[in-house]
Amino acid sequence: MLTKRVIACLDVRDGRVVKGVQFVDLIDAGDPATLAARHAREGADEIVLLDITATHEGRGTLLETVRRTARELFIPFSVGGGIWTADDAAAVFDAGADKVSINSAALDRPDLIDEIGRSFGAQAVIVAIDARRDPSASDPVSEAEVFIHGGRKFTGRKLLDWAREAERRGAGEILLTSMDSDGTRAGFDCELTACVSDAVQIPVIASGGAGTAAHFAEVFRRGRAHAALAASIFHFGVSDARELKRVLAKEGIPVRLPC
Amino acid sequence: MIAVIDYKAGNLTSVMKALNALNAMAIVTADPEEVRRASKVILPGVGHFAATRLLREQGLSDAVRDSIERGAPFLGICVGLQWLFEGSTEAPEDKGLGMFRGMCERFPVGAKVPHVGWNSINVRPGSRLMAHVNEGEFVYYTHSYRAPVVNDTVAVTEYGEVFSGAVERGNIMGVQFHPEKSGETGMRILSNFVEL
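Chains as they are written, first to last, in my numbering: chain A, 1 to 259; chain B, 1001 to 1196.
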């Protein structure tokens, strides 16, 4: 049986994992390669490394970080942040990533999805979407809107239209972050996730709001997510993937239990 | 020396990295002569079945046939497994190697496609490639087309229907999943191949 994936996400700045609430008050959380290996050992199904380095000089550091992290990692490994061209993607794949996650760059120039897909296969392209419910709409969920810059800038696009376009252009997966839930630790936005999951054929990864194991069970069931992203819940030893998956298994959610 | 064939289909880094971790001697090559000389051959691949056209155009199909005939172990991964069959409806004009009977087809309507994630495999006893892999262990898949179950299927997975997760006949082997991405289970399978 196909299992639900628990994905560990590492936010990386200048080669170090950092953690903060909505990109402020960042705390150093350790070395990406060490943390990725630990998450893999503890049963994470996949690792996402999200580069939040703002400066151009930091980009060279990123490729080195990807290379170092990938070296001892034998589970799927995705990299996002700062990928604006097919060449940027190629460099990240060369360094050992299996998938790239693109967000603002895809909104800016949607052809990028097609280009990376053509060269590296649809399975290698994750389109990340930051969305917010539209409280003024009659149906705030299905009318949800797409934002960039950590939720600060509205793009003028509707979530469902953009998700369908991403699929049509050859995205292999959608990484959906609810800007309403992100950083709250109060649970994923299950309605929003289910709405996208029903609208597209490709798998949807839910992100934003994870705080407890029960939140994961909920987004897999009610949110019809194929995978869910955990970032802060795994840091500082709060919880690990093994513990999380044991709870999910007890709840009857199909998961890959580590040996 | 293991020849890992480069036919511009996706990304070879992961496979090479896994082979290095197993201390296997391996080179990436698109040279038919190097493929003929190699003691083992791996054909990785993600992406579209049409990419296999390059194998024929560059004389690599013949090199692989020669290598297999000589008895060198061959492992096709993902599209590399599909290429061992007669072909795929993804690119009907491009023939496969025809080592196994049947066509690869898209998953039936109803299941989410692509099939992405960790799914369990049921292994047939006696397979050299799948030795020491227990019933129900998990491997990582990412694909939209699948190969039918045939006499030489040595592992099956269920996703909407049952399909070939691994095939093996003598020195000819293929896996639909990605052993290089399947954690300890995958490394055990690759190691089985390396040590043949």
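These are computed hints drawn from the structure, not numbers from a lab.
C-beta: ideal position from N, C-alpha, C; glycine also.
Any given hint could turn out to be false.
Partial pick of chain B residues on the chain A-facing surface, computed with a CB cut under 10 angstroms [what the hints assert, rightly or not]:
id: 1; residue: 1008
id: 2; residue: 1011
id: 3; residue: 1046
id: 4; residue: 1140
id: 5; residue: 1142
id: 6; residue: 1144
id: 7; residue: 1179
Heads up, incomplete: computed chain B residues facing chain A, CB under 10 angstroms, no partners named [stated by the list, open to error]:
id: 8; residue: 1018
id: 9; residue: 1058
id: 10; residue: 1159
Derived coverage of chain B by chain A (criterion: at least 3 residues anywhere in the stretch with Cβ under 8 angstroms from a Cβ of chain A; other residues may be distant) [what the hints assert, rightly or not]:
id: 11; segment: 1092–1100
id: 12; segment: 1182–1196
Tested hints:
{"no.": "1", "hint": "1008", "verdict": "holds (9 angstroms)"}
{"no.": "2", "hint": "1011", "verdict": "holds (5 angstroms)"}
{"no.": "3", "hint": "1046", "verdict": "holds (5 angstroms)"}
{"no.": "4", "hint": "1140", "verdict": "holds (6 angstroms)"}
{"no.": "5", "hint": "1142", "verdict": "holds (4 angstroms)"}
{"no.": "6", "hint": "1144", "verdict": "holds (8 angstroms)"}
{"no.": "7", "hint": "1179", "verdict": "holds (9 angstroms)"}
{"no.": "8", "hint": "1018", "verdict": "holds (6 angstroms)"}
{"no.": "9", "hint": "1058", "verdict": "violated (18 angstroms)"}
{"no.": "10", "hint": "1159", "verdict": "holds (6 angstroms)"}
{"no.": "11", "hint": "1092–1100", "verdict": "violated (count 0)"}
{"no.": "12", "hint": "1182–1196", "verdict": "holds (count 5)"}
When held up to the earlier numbered hints, the structure conflicts with 9, 11 and fits the remainder.
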